[in-house]
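Chemist: Just need the whole structure built from these sequences, with the hints factored in.
Taken in sequence, the protein lines are chains A and B. Just so we're aligned, residue 1 is where the first sequence starts under the numbering used here, counting upward by one. Just so we're aligned, residue 1 is where the second sequence starts under the numbering used here, counting upward by one.
In short, the hints are calculated from the structure, not lab data. Please note that the accuracy of each hint is not assured.
Stretches of chain B that chain A covers, calculated by requiring three or more beta carbons in the stretch to come under 8 Å of a beta carbon on chain A [stated by the list, open to error]: (1) 40-52; (2) 95-106.
Reference excerpt, derived from the structure (chain A facing chain B, CB under 8 Å, subset only) [claimed, not checked]: (3) Phe34; (4) Ser43; (5) Leu44; (6) Thr49; (7) Pro86; (8) Ser90; (9) Ile93; (10) Ser95; (11) Arg97; (12) Phe105; (13) Glu107; (14) Gly108; (15) Leu111; (16) Val113.
We put the beta carbon where it would ideally sit given N, CA and C, even for glycine.
So the chains spell out like this:
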Amino acid sequence: GAVVSQHPSWVICKSGTSVKIECRSLDFQATTMFWYRQFPKQSLMLMATSNEGSKATYEQGVEKDKFLINHASLTLSTLTVTSAHPEDSSFYICSARFYGNTIYFGEGSWLTVV
Amino acid sequence: SQQGEEDPQALSIQEGENATMNCSYKTSINNLQWYRQNSGRGLVHLILIRSNEREKHSGRLRVTLDTSKKSSSLLITASRAADTASYFCATMTTDSWGKLQFGAGTQVVVTP
Numbered sequence: 001g002a003v004v005s006q007h008p009s010w011v012i013c014k015s016g017t018s019v020k021i022e023c024r025s026l027d028f029q030a031t032t033m034f035w036y037r038q039f040p041k042q043s044l045m046l047m048a049t050s051n052e053g054s055k056a057t058y059e060q061g062v063e064k065d066k067f068l069i070n071h072a073s074l075t076l077s078t079l080t081v082t083s084a085h086p087e088d089s090s091f092y093i094c095s096a097r098f099y100g101n102t103i104y105f106g107e108g109s110w111l112t113v114v
Numbered sequence: 001s002q003q004g005e006e007d008p009q010a011l012s013i014q015e016g017e018n019a020t021m022n023c024s025y026k027t028s029i030n031n032l033q034w035y036r037q038n039s040g041r042g043l044v045h046l047i048l049i050r051s052n053e054r055e056k057h058s059g060r061l062r063v064t065l066d067t068s069k070k071s072s073s074l075l076i077t078a079s080r081a082a083d084t085a086s087y088f089c090a091t092m093t094t095d096s097w098g099k100l101q102f103g104a105g106t107q108v109v110v111t112p
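Modeler: Spelled out as structure tokens, the structure:
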């Protein structure tokens, strides 16, 4: 079946540095991917919609200059957390639209900023 | 933003008992989905129910949908310790093209 892979699963970075998380659709092309963030013991919040070949659409309250999204190919979207701070520590998870309304989630990435 | 509420926020039951959790949402939907998340892990898709469906079963899971009340319920029958997890409902609107709005979630603990 369709699979979405995220990398890395876990990342620790120093405050002030940037970190990139990849979301790949392994056996299908995804023109649209979504990025969510989940703080401990909370629900998932949609951050942005990533569209292949165009700019991402960010949800209200999400800083587009801090969370850079690049959907450079039909199988890869990346989320770069720039100048990360401890409050950015969270679980980040992507999903990819297969066709119609069928979507598949990646395994998620834990980011810890120290 | 959150689509809606889930209740209860937490549920503690013993193995063999049934667990029921509810989800309410605010806008018209194309479908509603239920996911399970084990602590620190990714999402496991459980079941999808379309807006024109009222009930759906999958193994020990039973989902109902009442679009007039904008609510859904998830019933887990004969619960097992392995069912311990957080459960989230998520709604997809007709024009969302795959975007999901998640509920607050219900944390279920099943004790042996």
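Chemist: Next step is simple, just say for each hint if it's right about the structure.
Modeler: Hint-by-hint comparison with the structure:
Under the rule that three or more residues need a Cβ within less than 8 Å of chain A, the assignment of the segment 40-52 of chain B holds, with 5 such residues. With 10 residues bearing a CB less than 8 Å from a CB of chain A, the segment 95-106 of chain B meets the requirement of three and the coverage assertion stands. About 6 Å separates the beta-carbon of Phe34(A) from the nearest beta-carbon of chain B, less than 8 Å, and the hint is met. For Ser43(A), the interface hint holds, the least distance from its beta-carbon to any beta-carbon of chain B being 5 Å, beneath 8 Å.
The beta carbon of Leu44(A) is positioned within 8 Å of a beta carbon in chain B (closest approach about 5 Å), and the interface hint is therefore held. Using the Cβ-Cβ criterion of 8 Å, the hint placing Thr49(A) at the interface with chain B is satisfied: the shortest such distance is roughly 6 Å. At its closest, the beta carbon of Pro86(A) sits 19 Å from a beta carbon of chain B; the interface hint therefore is violated under the 8 Å criterion. The criterion of a C-beta within 8 Å of any C-beta in chain B is not met by Ser90(A), whose closest approach is roughly 12 Å, and the hint is violated.
Because the beta carbon of Ile93(A) sits about 6 Å from the nearest beta carbon in chain B, less than 8 Å, this interface hint is met. With 8 Å as the threshold, the beta carbon of Ser95(A) comes within range of chain B, its nearest partner Cβ sitting at about 7 Å, so the hint holds. For Arg97(A), the suggested interface contact is upheld, since its CB lies about 4 Å from the closest CB of chain B, less than 8 Å. Interface restraint check: Phe105(A) against chain B, minimum CB-CB distance 5 Å, threshold 8 Å, status holds.
With 8 Å as the threshold, the beta carbon of Glu107(A) comes within range of chain B, its nearest partner Cβ sitting at about 4 Å, so the hint holds. At a threshold of 8 Å, the smallest CB-CB gap from Gly108(A) to chain B is about 4 Å, leaving the interface hint in force. A cut of 8 Å between beta carbons decides the hint on Leu111(A): the least distance to chain B is about 13 Å, and the hint is violated. About 17 Å separates the beta-carbon of Val113(A) from the nearest beta-carbon of chain B, more than 8 Å, and the hint is not met.
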